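Chains as they are written, first to last, in this note's numbering: chain A, 1 to 113; chain B, 1001 to 1111.
FYI, nobody ran anything at the bench for these hints, they're computed from the structure.
Straight-line Cα separation of at most 20 Å, SDA-like style, residue types lysine to any residue; simulated pairs: (1) A:K17 - A:T111; (2) A:K11 - B:R1041; (3) A:K57 - B:G1095; (4) A:K17 - A:T78; (5) B:K1056 - A:R99; (6) B:K1069 - B:E1005; (7) A:K11 - B:S1039.
Here are some chain A residues pointing at chain B (derived, C-beta under 7 Å): (8) I98; (9) F104; (10) G107.
Beyond 12 Å from chain A on every Cβ pair, some chain B residues (computed): (11) R1054; (12) H1057; (13) S1068; (14) T1077; (15) V1109.
Keep in mind it's a predicted model, so treat the numbers as computed, not measured.
Using N, Cα and C, we set each Cβ at its ideal position, and we do this for glycine too.
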Amino acid sequence: GAGVSQSPSNKVTEKGKDVELRCDPISGHTALYWYRQSLGQGLEFLIYFQGNSAPDKSGLPSDRFSAERTGGSVSTLTIQRTQQEDSAVYLCASSLGIRTEAFFGQGTRLTVV
Amino acid sequence: SQQGEEDPQALSIQEGENATMNCSYKTSINNLQWYRQNSGRGLVHLILIRSNEREKHSGRLRVTLDTSKKSSSLLITASRAADTASYFCAILSGGSYIPTFGRGTSLIVHP
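One chain only, chain A, in its complex shape:
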């Protein structure tokens, strides 16, 4: 596709439910990042995938968060047993290689009620 695509754009879920957020990176981009951004805050790194290497999960805030990237392309971020503090915009980005510019999707706004 022309850019990074994220779905859904908005998600409202009840506390305690599981959610899955999807990211379709730009074709051919080997690096994929997930960040989250709370209202008025900067971007908090969550997880990084690079090619076939083991992902860097050092930013995941708890074991309720997990992510996978299938076939080196689409990625899914899963949040189990959602809490109100999980409410944020979840941003996915991809880049052609390491240490190059990142292209961001429009994000998924998650609201936990």
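On the provided structure of chain A, position chain B as indicated by the hints.
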């Protein structure tokens, strides 16, 4: 990994004026990147400057990097109302592959 810190947190100017935002960091970097974010959604890459570069231009944007002071600045000349957005710097530390972002500068350009 470290993050950059942008300054000021907020900036309000009139159309036609120049806007300058600064980013400071603490350790060695591979490169530093500037991004723009409209309406709290996706970020758009503006400029990447490598540690061995001192200045880069793109249209009305000028980025400088001073590695001795561990700081960078983004200058927007002849600002327009459409430049209203949040601007973030992202640091690629020497040993990292992950851009880390600061809290951003919120720029408002009044028509």
